[in-house]
Amino acid sequence: MPQPRHSDLRRFCEVDGWEETTKARRNPDHTRYRKLLDDGRVLRTKVSHGRGSIDDPSLWKRIWRDQLALDSEDEFWEALSAKRPVDRSAAMPSAPTGPSKPAWLVNSLIFTAGLPEEEVAELSVEEAERRWLEFCERSG
Amino acid sequence: MPAPLTITEFRRSIGPVFTEAVQRHRPVRIGRGARESGVLFGDEEVLALVANRHFHPEVFQEGEEVSVWLPEFALYGRGPSFAEARDDLLEEVREYVEEYLGEVELYTRAPNRSDHFPFVIRAWLADGAGELADVLFAPPADAAV
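So the protein lines, in turn, are chains A and B. The opening position of the first sequence corresponds to residue 18 in this note's numbering, with each subsequent residue numbered one higher. The opening position of the second sequence corresponds to residue 4 in this note's numbering, with each subsequent residue numbered one higher.
This is chain B alone, in the form it adopts within the complex (with noise of 0.2 Å):
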């Protein structure tokens, strides 16, 4: 098994070392001191590792109000159409996923919070590629399309 790049190294070759997790897809194992160590992934790998969480959004018809909950963030969103609705929900989750990762030692030590890290990350991602209200709203793989 290789050994952790020490913090000196990394900064020295941060640009090869970026190439060897993003383009050739090689986590790189870093490490300060005895204690601490992190992993560089591409995103590519990061969004393996939490491919299997599934949004699973419901759609409530309120008179001429349309409500979507997010059960995996007990989030919603509303609006007077679905469209509406839908936008308003995915600032709702970005506005989350801000504030989790903003404060994130005091969400993954809550005991109603911590399971929605991978969830977080997989919007977080999602977000930044342009397609969270795909994930959001993915067909379930077994639905017929």
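Chain A on its own, in the form it takes in the complex (with noise of 0.2 Å):
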């Protein structure tokens, strides 16, 4: 796989949507981007004047991965192939949704009542409440 040129780093912060920041002012050698992606995660990249390239392939590694939020190397240059963002929807695992029991409840009845986590698993939010305080009752 090649290593970038800087110039491929400013066309893949435009194909993928990336905003231009004002920011850079301390040091006119960059230009700083960056993009605000919709799970809240704010992604920061610098892009150097020069004509030259990331020539290591450590320091680019972290680049892609730590700045760019990139799974794999292949969705930069992709990205710059087939001219689209890159679609990072899945790069963080979403919280999960549905019904819940509140964690000290949970820990409870397995730790402390002794039950089984596959049968505490099965309970409902209120047959776990009302198995809890037959726990309490029973052991005074």
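Simulated from the structure, these hints should not be mistaken for lab results. We treat Cβ as the ideally placed atom computed from N, Cα and C, and that holds for glycine. It is possible that some hints are incorrect.
To be verified - Covered stretches of chain B, as calculated for chain A (at least 3 residues, CB under 8 Å): (1) 38-46; (2) 65-73; (3) 106-117.
With the hints as a guide, bring the two chains together.
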């Protein structure tokens, strides 16, 4: 896989919908870009004005992984060739949805009342509360 | 536990309150109305709170260029020498700290940035004391000197 030139990184930011920020006033040798993702993540990177490339594979890996939030280097080149933004919707696990139980209640039923975890998993919140109250009454 | 100062009391005695926090090292809690409150700390106490946040920059040599990657902020500096890459990184950190604190609500809510906050405070205070490079490039405690 080729090492990206600074111009590739700049083109990636344009294709992927990054905003050029105006805050890079301390260092005029770079353009700074930022992207706000729907899941709340804030991505930042900078692109040198020079014509060179990012030669070090280890640094480049950190850039695509930690700054561009890509799952693989391929995503970078695919976005450039397809001229399409990267789909990061699956990049971060979303919070679990559906009914939940209070963790203290699950913890108490398993570790204090001694119920098997599989049994607790099957209980509704109301049933779990009732089982906990029954245990407390029995225990005095 | 001492009750928080009201904002009116704070305004009336701002000098002594500052002395209490900074010179006597006693945090002062200040309240406004029933719901809002804040705490005034001296720099030393804030530094103590974030003292266990350490930076772990890594150096990469790429041909004629040197890069220094700072994993805690996902930032890097580059230059033809380590000294220049280091200076570039210091400027990157200053810009990031300024941006972070300028848009603190956005950054502290961002899932990939919220845990930067204590590091941002550490870097901010270190820079104010002229010690940013010392803090970023401090050897680990167990390193032989």
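Here's how the hints hold up against the structure:
1. Coverage of the stretch 38-46 of chain B by chain A is violated [criterion: at least 3 residues with CB-CB distance below 8 Å; count 0].
2. Residue count for the stretch 65-73 of chain B with a Cβ under 8 Å from a Cβ of chain A: 5. That meets the three needed, and the coverage hint holds.
3. Evaluation of the coverage hint for the stretch 106-117 of chain B: fulfilled, as 7 residues show C-beta separations to chain A shorter than 8 Å, against a requirement of three.
Violated hints amount to a single one, hint 1; each of the other numbered hints is respected by the structure.
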